[in-house]
Amino acid sequence: GAVVSQHPSRVICKSGTSVKIECRSLDFQATTMFWYRQFPKQSLMLMATSNEGSKATYEQGVEKDKFLINHASLTLSTLTVTSAHPEDSSFYICSAREMTVYEQYFGPGTRLTVT
Amino acid sequence: SQKIEQNSEALNIQEGKTATLTCNYTNYSPAYLQWYRQDPGRGPVFLLLIRENEKEKRKERLKVTFDTTLKQSLFHITASQPADSATYLCARRASGGSYIPTFGRGTSLIVHP
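Protein chains in written order, with this note's numbering: chain A, 1 to 115; chain B, 1001 to 1113.
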């Protein structure tokens, strides 16, 4: 089946630093990747959608200068949280979609803690 | 806005019983409703999709219904097992180009041995 990986699975960083999270589709080409954020006992909130080779489309209320998304290849997308603050602490999940398939395949998530 | 509502209270049942989880949506019916399983600290795993014109879908011990009159989907797990304990997310999805699902908060299921 389609597998999506994320790295790192957990990261702790100091306030003001930047953190990069990688999302990879391991056995398929992901024309579209999605980044979600999930707070405890809350639903997944879509942050942005990215298509390979083009700029990401951000959801309303998501700062694109703070959450930098790069989808440079058909198997890799990165999310960089710049100048992280404690309120950015959350569970970040990516998902990926093949061109001809409607289903999204989710990664295992990255727990970000900003101290 | 299109919303998905799931019972935030955990559902506790005994092993062997049927678990039934509810998902209600607002406004117009979505073209698809999807159900996912999410374990703590993990990403969601897709379970089942049911289309607007389908009343019921089954997969092994799982059954999903779609009632456009009640604006509701029910998710059943028969002969439940402790390993079924997880959070189950319902998501609505439009047809056409808008294939991005909107998720509910999920309902936690706890199956006691």
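Hints are computed from structural coordinates only; laboratory data are not their basis.
Certain hints may be false.
[Claimed, not checked] Listed below are the simulated DSSO-like cross-link pairs for lysine-lysine, each with C-alpha atoms no more than 30 Å apart in a straight line:
hint : chain 1 : residue 1 : chain 2 : residue 2
1    : A       : Lys20     : A       : Lys64
2    : B       : Lys1003   : A       : Lys41
3    : B       : Lys1063   : A       : Lys41
4    : B       : Lys1059   : B       : Lys1017
5    : A       : Lys41     : B       : Lys1017
6    : B       : Lys1071   : B       : Lys1057
7    : A       : Lys55     : A       : Lys14
8    : B       : Lys1003   : B       : Lys1057
9    : A       : Lys20     : A       : Lys41
10   : B       : Lys1063   : B       : Lys1003
11   : A       : Lys41     : A       : Lys64
12   : B       : Lys1071   : B       : Lys1017
13   : B       : Lys1071   : B       : Lys1055
14   : A       : Lys41     : A       : Lys66
15   : B       : Lys1063   : B       : Lys1017
16   : B       : Lys1003   : A       : Lys66
17   : A       : Lys66     : A       : Lys55
18   : B       : Lys1057   : A       : Lys41
19   : A       : Lys20     : A       : Lys55
20   : A       : Lys14     : A       : Lys66
21   : A       : Lys55     : B       : Lys1003
22   : B       : Lys1059   : B       : Lys1071
23   : A       : Lys41     : B       : Lys1071
24   : B       : Lys1071   : B       : Lys1003
25   : B       : Lys1059   : A       : Lys41
26   : B       : Lys1003   : A       : Lys64
27   : B       : Lys1057   : B       : Lys1017
Results for each hint:
no.	hint	result
1	A:Lys20 / A:Lys64	holds, 14 Å
2	B:Lys1003 / A:Lys41	holds, 17 Å
3	B:Lys1063 / A:Lys41	holds, 24 Å
4	B:Lys1059 / B:Lys1017	holds, 17 Å
5	A:Lys41 / B:Lys1017	holds, 25 Å
6	B:Lys1071 / B:Lys1057	holds, 16 Å
7	A:Lys55 / A:Lys14	holds, 28 Å
8	B:Lys1003 / B:Lys1057	holds, 22 Å
9	A:Lys20 / A:Lys41	holds, 24 Å
10	B:Lys1063 / B:Lys1003	holds, 22 Å
11	A:Lys41 / A:Lys64	holds, 25 Å
12	B:Lys1071 / B:Lys1017	holds, 26 Å
13	B:Lys1071 / B:Lys1055	holds, 12 Å
14	A:Lys41 / A:Lys66	holds, 24 Å
15	B:Lys1063 / B:Lys1017	holds, 14 Å
16	B:Lys1003 / A:Lys66	holds, 27 Å
17	A:Lys66 / A:Lys55	holds, 15 Å
18	B:Lys1057 / A:Lys41	holds, 27 Å
19	A:Lys20 / A:Lys55	holds, 17 Å
20	A:Lys14 / A:Lys66	holds, 16 Å
21	A:Lys55 / B:Lys1003	holds, 28 Å
22	B:Lys1059 / B:Lys1071	holds, 22 Å
23	A:Lys41 / B:Lys1071	holds, 23 Å
24	B:Lys1071 / B:Lys1003	holds, 11 Å
25	B:Lys1059 / A:Lys41	holds, 27 Å
26	B:Lys1003 / A:Lys64	holds, 25 Å
27	B:Lys1057 / B:Lys1017	holds, 19 Å
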